[in-house]
Every structure is written in structure tokens, then in C-alpha cells.
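Each protein sequence line maps, in turn, to chains Z and L. Going by UniProt numbering, the first residue of the first sequence is number 1, and it counts up by one from there. Going by UniProt numbering, the first residue of the second sequence is number 1, and it counts up by one from there.
By construction, these hints were calculated from the structure, which means they are not laboratory data. It cannot be assumed that every hint is accurate.
Within a straight-line C-alpha distance of at most 25 Å, the following computed DMTMM-like cross-link-like pairs (lysine to aspartate or glutamate) qualify [to be verified]:
hint	chain 1	residue 1	chain 2	residue 2
1	Z	K169	L	E225
2	Z	K169	L	E116
3	Z	K169	L	D19
4	Z	K169	L	E131
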Amino acid sequence: MDIFLAQLLNALLYAAVLFLIAGGLSLIFGVMRIVNLAHGSLYALGAYVMAWGLGRLAGESGSEPVYLIALLPVAAVAVGATGAVVEPILLRPLYARAEEYQLLLTFGLLLILEDAMRYIWGPTPLTASPLWAAFGTLHLMGATYPRYNVVVILLGVLTAVLLWAFVFKTRFGVMLRATSQNRRMAAALGINVGGVYVQAFALGCLMAGLAGAVIVPIQGAVLGMGVDALVLAFVVVVIGGLGSLDGALVGALIVGVVRTVAIQYFPELELAVLYLIAAVVLITRPAGLLGRA
Amino acid sequence: MTTLLAARNLVAGYLPGIDILQGVSVDGVRGQVRCILGPNGTGKSTLLKVLFGLIPPRAGEIHLAGDLLRGASPHTMGRRGVAYLPQRPSVFPFLSVEVNLRLGTWSYRRMPGRVEDSVQRAFERFPILWEKRRQPAGTLSGGQQRQLEVARSLMTDPGLILVDEPTASIEPRVAAQTYALIKELAVAGKAVLLVDQNIRGALEIADYVYVMRTGALLTEGPRGEFGGDTEALVARWLYASDRTAGQAEGGH
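So here's chain L without its partners, still in its complex pose (with noise of 0.2 Å):
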């Protein structure tokens, strides 16, 4: 198990003077799914931007393998290995299924033969998709159009993904198959950081947790010490009386 990133200390926002990070550390690791888990408005979604480099950080560091960034932008990150699944739907919806793919390959598309295997890769893997390859990727179903982007972000075979609430507004038979898929990568070796509101589904799959709360780390740790009745338990944290919470973001 290899740590592929390390951000300590996060400090970032939108508006001038209001830090929606308020000094976040976590970490990706080979092998595992590490799901963020937090309230509405928690900043974790700013979080997955800012170690996109969608956001610059205010403080803090980003190392990825073993190197410090600094200011970097997404397709640099993209270069690196890093790949990023938003939270809205993020296929090219006038495009077709196949473009929208071969858009996965733009960082290396001057490698044709690298860009021919990735494709064949993909569609071997994802045969929905070569039958739909003619159609436009907004004409595709909800499940369809996941399949479609997480095919797309693993054409440059990243060694890290991040992902932004990836069942929000899809039936629950696709939201599994949608899990079931994102373990697959971290057990191919892949590291994986999960940001979800859906707790019960990301515990399932999830190595390593990670509980945000206004802008800081609440608590963490791995998957076992959450105990049985987790989704309980992370409830109960992150509804905890004022005085606990305070304590746990070191104070207002």
C-alpha cells in the first residue's frame, strides 16, 4: 500500500475572507476506497476541486507521489495521473458515445496506437457503450452516462480518482452497480477518494473514513473501527451536540 497523495492543512474558498476549508488533511492510497462523508454544505466537494486543482489552495501543501505541487492546474493533475468525476452529469451530451471517449485519450492523442488499445480496452470492458457508440452520450440513461464518464476518466489509467457523489439522482439498481464498479478500481490498485452523502452506500465499499464537519476533519479512520451499526455511529457524529463538534474542529 502506497501512499499516491498526502494534502495536509487545506485552507480554500470561493469569496475573499471566507475559508470553506478550514485546514483539511487526507490521504490516497493504492488500494483503497477512502470515502469522505459530511453534511450538505461540509466543503467536501471543495475539497475534491481543490486537489483537482479547479481551486487554488489558500495554506496547505498537496504532494502527489512523493512531489509537492504547487498551483496546479487540472490538466496538469490530469497529466499526473489524476483523474476526477464531478458530481453533475459531465458527459459531452451533443457528443457521441465514442468521441466523448476518445476525449479521455486528448493527453496523450498523439500516441494513436496508445489511443486505439485504450478505446478497445474500454469498450471491451464496457460493451453498453460500443453498442450505444453512435449515439449522442446525452441520449443515454443516467447509469449509462456514469459508465460512460468513468470510462472516459480511466483512458489515461490514472493512479488516483476522485469522485464527487456519484449515485446522486439515480435509481438505487444503478447506484450499486455505480459502488460496484469503484471498488473494482481500488482493488485493481487504483486510490480512490469518495465524497458522498449516501452513507450507507459508500460504507459499503469503503477501506478508510473520513467524517468532514464544517469545513475541518471531525474524525477518521479505517472502515473496522466504525464498528457495526456505522451508519449510527457516523450519524451520531455528525449531529452531535454543538459542544462536541466544537471541540472536534478545534473551536469557533
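If we strip away everything but chain Z, and leave its shape as in the complex, we get (with noise of 0.2 Å):
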């Protein structure tokens, strides 16, 4: 039974942050017809932020929770000040020209951003475990879990409940469904479509740094994290849908559990399974399970 629970806990917690990637690149795809394939670097470097502030903060020393609150926004805010750059300087003059170019340039600057983490933090792996430990455990229902973990889970429901209520209940999510939904109609009725652009990306981009910062405490900062990240994120949106909301959160649960099940039962195909679910949905359902063909 507790081993049961402790693997739920570990599948929700999987889950959580994958939502939190996944969700940004599909905010960023829904609304402006991009694959953003800088958003794993973009995920690494708010681990890398959190990571580094953490050691700014508490030295060498122990780690406090409270670090945690005062640092996440600081990640978050970030990187997602970085999209709020990115997209107007490099990615608007490409609109105009075949995706083609959207997706060279977004594939390099995932290169250029890594190399600039390698350049400012060494190829050293930063840890925060410290923040991780300073939770301390839990007890429930005869089971030991990481208080952590579960901060992170909850972490994962709130944005998703936020971003639900920001998106289908708020004005600005009228004009980030509208602008998805008919760009030059929305800018025709007097939509600012450049502004909901640079929202929407730098919105997708602090997602993808909050997920970063949010793991860092689990795993540390590595070089080559967000390329991982990125291919999961994948399986992710092709599994529920790229472009809705609703699919990220339905298809980070699916990779969450079985990944967890998987590394449980047969740990060699851990992977193997994820790609083959991908791939039966591609082939049944190209536009994912709950996505628009």
C-alpha cells in the first residue's frame, strides 16, 4: 500500500512539471503557430537561475522554505523577461517567411542558450538538493514522502487551475483564444495582435522556467536537461494535442504514469513505452486526444 501511494505521489509530481513545460508549448503553439524548440533550454536556464540564486542566498550553509517562495518568482519572472525579448527581436521577422525558418531559429537559439548557460555556470552541475532536504518528510497513511514532492505537485495543480481561469474566464483570454482562433480577424476588430504575441510567448516561456525551477531542488542543473525535457514535452503534446490546454494536462498525466510504472516494472523500456503510446495516437488520432485537426 505504500509503495503504492509513494509511486502516485511520484507520478503526480512527474506529471506536474511536465504539465508545466508542456503547457507553455502549447500556449506559445495555440496562439502563435510555433514549435518552440528553445523551450527546453528556456526550462533549463530557470533551474540554472533557481540553482544559482539558492547558492547566492543560503551559501554553503542549510536551506530554508522560505528561500523557495522568494526565489521561484525570481526564476520564473526570469525567463520569461527572456520570451519577452526573443519574440520581438528574432522571432517576428520570420513570420512572414515558411515555418521552416521558425524552426531553425528556435532549434539554434536552444543550442546558443545552453552554450551561454555552459559559459556563465561552467559544465559543473549546480545543485540546490539543501532547499529539498530543508522540507523535510511526511508521513501518510504508513508511507515516508519528501514534503518537497508534494509542495511541487501542489504547485502544478495551482498553475493549472490559474491558467485555466486566466485563459477561459478573463479578457485576455478572449483575446489570446481569438487571435489563436483567426489572427487577422482579431486585429481587424482592433486587437493589438503583437502585444497578445509577446504575452503569450513570454506567458509559454515563464511556464517552461517555473518547471526548471520548481525541479532544480529534485534533480540539480544539468547541461543537457533540457533537451530531455524537450523530447518528453514532445510525447506530451503529441499525446493530448498540440496547441490545447487540456490535452498537456491529460497528456502529462498519461507519460506521468507510465513512466512511473514503467521504471517500477520494466525500467529498460521506459522510454520504448512512451514513444510507442506516441506513436499508436499519432496514427489513430494525428491531431492528439484532445486536440483540433
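Two chains, two frames, some hints: make the complex.
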């Protein structure tokens, strides 16, 4: 029973982080029709900023849970701001061109950002595990579980609820959805589409940064973490449907559960099973489970 | 009758070096439906896009209510009382009918009183939209979607309405309703510029006719001047021998 509960929480933890990454990717694609390959590096950037900030704040001594509250917004906003700079300067000039140029550009950006992080923080991984330890453990129903992991799950749920409310219950959300469904008509009605693009891109990047920032106390900041996360985020959006937020949530839950089960019972096939599911979805429902064709 | 829009010698195109419009002049006059006829690929739709600020003209002038416009964008045109009904369905298919309608009030969204007022008036005028207000607009029939588009474009109480192929891919009965609706707008004092391939339908409501061919005006005049069998007349102009067309366009 206790193993089962711990594994369920692990699956949810994994799904929460994946939702943050894939949700941002999907949001950007949904509004702007851009597949942002740089998303992986933006996630890594969030992790590095968080780990670096924690090192500055706590030094070599112990860490306090309150640092999470202080640094999470800093890391997320730093990545969001990066997005707000990248969109108007690098992406906007390419909108009139074929999609391949956007893919090339965001892929180039992925590599450049990774090199920039290597240059700034060096090749040695940064750790933030003292913060993870500072949260202690939780005893529930006979199981012992890291309290920090539960915090991450709750953060994931909170972000999903806030994002849903934002997109479906606010005027800004109407603007986002209108732009996504018919950009030209949205502009014709007086919506500032350029402004919507910057904000949607920055918001998507902010979610990636948040994901990196919450994961770093658990697994550290390592070069290459961005590409790994990007690949899994693509599995999530392929399953759920690129451009759909519900799809990102459902896809993240599926990938989270499948991965946890796979690691428990047949670890050597973990990734293969995920790709197999993605392939089956692609063949049977090319737009994803909740995507619009 | 006041001339709201005066466009003079517009030149425009998409690719460098290729002009789709080669010096076109049209007017938008209050109380009139002015229709622009011509075969496929003559630049009729391009003309409307230039007038709405979607494509910048390479040469020529656009005067709106007496002011010379420079580098106007769609949302400045919208704010200045110009509405545009594009050819392809332009409702937001996954947003509800009501949200679609309310998006028409975007330019004065900070005036809640005026917003509610115009939404209510639109629902009174188009009862079917009230009935289906909670449905995603994409689930409406083609004719209802057209009504929604017209209703939405009227939310800003525009003086000039640019209409592109309003009845393309619409069943005939609905097409007649759509033309009647457009005529009503002009009768109510708005200036309408109508681009159409449906010569017969457009001529029935037109007050003034422009005939375009390969990027230039072939002829123009009040509807009455086109005589009784207008369709045959226009068809003869459109498909006239190259010699005649060449003269009218100033030669190639």
C-alpha cells in the first residue's frame, strides 16, 4: 500500500512538472503556431537561475523553505523576460516566412542558450538539494514521502487552475483565443495582435522557467536537461494535442503514470513505451487526444 | 450624399516588382452600395485589403472623411469607423456567439454602458443570434455565421463597410437575405463597398458600379447607366477583346 501511494505521488510529481513545460509549449503553439524548440533551454535556464540564486542566498550553509517562495518568482520571471525579448527581436521578423525558418531559429536558440549557460555557470552541475532536504518528510498512511515533492504537485495543480481561469475566464484569455482562432480578424476588430504574441510567448516561457525552478531542488541543474525535457514535452503534446491546454494536462498525466509504472516494472523499456504510445496516438488520432484537427 | 472614402490611383501587390493593383480609384459614398465587379484575379479583394490597411499601398492616396491616411493599420481603420467583412468565414469558431459579438466592441471595451447597449441592439436585430448565443460560432449554419459577422462588424457603428464576396459558398436563399441585409445598411446611411463575383446578385442592390480587369478600372458609372440587361453588358466588358481592354487599361 505504501509503495503504491509513493508511486502515485511520484507519477503526479512527474506529471506536474511535465504539464508546466508542455503547457507552455502548447500555449505558444496554440496562439502563435510556432513550435518553440528553445523551450527546453528556457526550462534549463529556470533551473540554473534557481540553483544559482539559492547558492547566493543560502551559501554553503543550510537552506530554508522560505527561499523557495522568494526565488521561484525570480527564476520564472527571468525566463519569462527572456521570452519577452526573444519574440519581438528574433521571431517577429520571421512570421512572413516559411515555418522551417522558425524551427531553425528556435533550434539555434536552444543551442545558443545552452552554450550561454555553460559559459556562465560552467560544466559542473549545480545543486539545490539543501532546499529539498529543508522541507523534510511527510508521513501519511504508513508511507514516508518528501514534503517538497508534494509542494511541487500542489504548485502544478495551482498553475493549471490559474492558467485555466486566465485563458477561459478573463478578457485577456478571450483575446488569446480570438487571436489563436483567426489572427487577421482579431487584428481587424482592434486587438493588438503583436502585443498578444509577446505576452503569450513570455507566459509560455515563464511556465518553462517555473518548471525548471521547481525541479532543480530534486534533480539539480545539468547541461543537457533542456533537451531531455523538450523530448518528453513533445511526447506529452503529441499525445494530448499540440495547442490544447487540456491536452497538455491529460498528456502529462498519461506520461507521468506510464513512466512511473515503467520504472517500477520494466525500467529498460521506459522511453520505448512512451514513444510507442505517442506513435499509436499519432496513427489513430493525428491531432492528439484533445487536439483540434 | 457625402463621400466618406476617396481612394486615388492605388498601386499595391504582394511580391516585389509585381503590382496587382495598377492605379485604381474608388469612392465610398454614404447611403450607397458601390459594387466592384470583375473576373477572378483582377485584384478586387486586394483593393479591399489595401483600403482596410491590411496591405500598404505602394502608391496612391486614401482619404477618409477628408483626412489623408498614412500607413493606416487595420485597428486604426476600425477605430475610424471602417469595418471589413472578409471573404472567408471570419467568426471565431470555438468562441460562443455572444463572445464573438462582444469582440466587435473591443475598440470601446472600457465603456461598459456602450458595450451592453450595442450587444442588446444586435440581439434585437438578429434574434437567431440571441437564441444561439451560448453555442460555439463554428456550429452555426453558413447563413447564420454571415449574420454574426455582419452583426459583429456593426458593433462599432461604422460609417464605411467593406464587403468581400458575401455570398461565396452560400445557398441561394441565404444569399438573397445577405444582399437584403447589405442593402439595408446603405439605406441606413452607411457607405458600402461590395466586391462580388455574383454579378446578378450584386447589381440588384448596387447604386454604382465599378468594373475591374487585371488591376485597373475598365469602366464605372451609376447603376442606371448600365441599362436593362446589365449582366450581358458587364459580361461583354469583362470578356471584351484584348484590344478594347487594352485601351481601357491604358495599354500593356
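Here's how the hints hold up against the structure:
1. Z/K169 to L/E225: Judged against 25 Å, a Cα distance of about 55 Å means the pair is violated.
2. Z/K169 to L/E116: holds, 18 Å
3. Z/K169 to L/D19: Roughly 45 Å between the alpha carbons, so the hint for Z/K169 and L/D19 is violated.
4. Z/K169 to L/E131: At roughly 22 Å apart (the allowed maximum being 25 Å), L/E131 and Z/K169 satisfy the hint.
Comparing the model with each earlier hint shows violations of hints 1 and 3; every other hint is respected.
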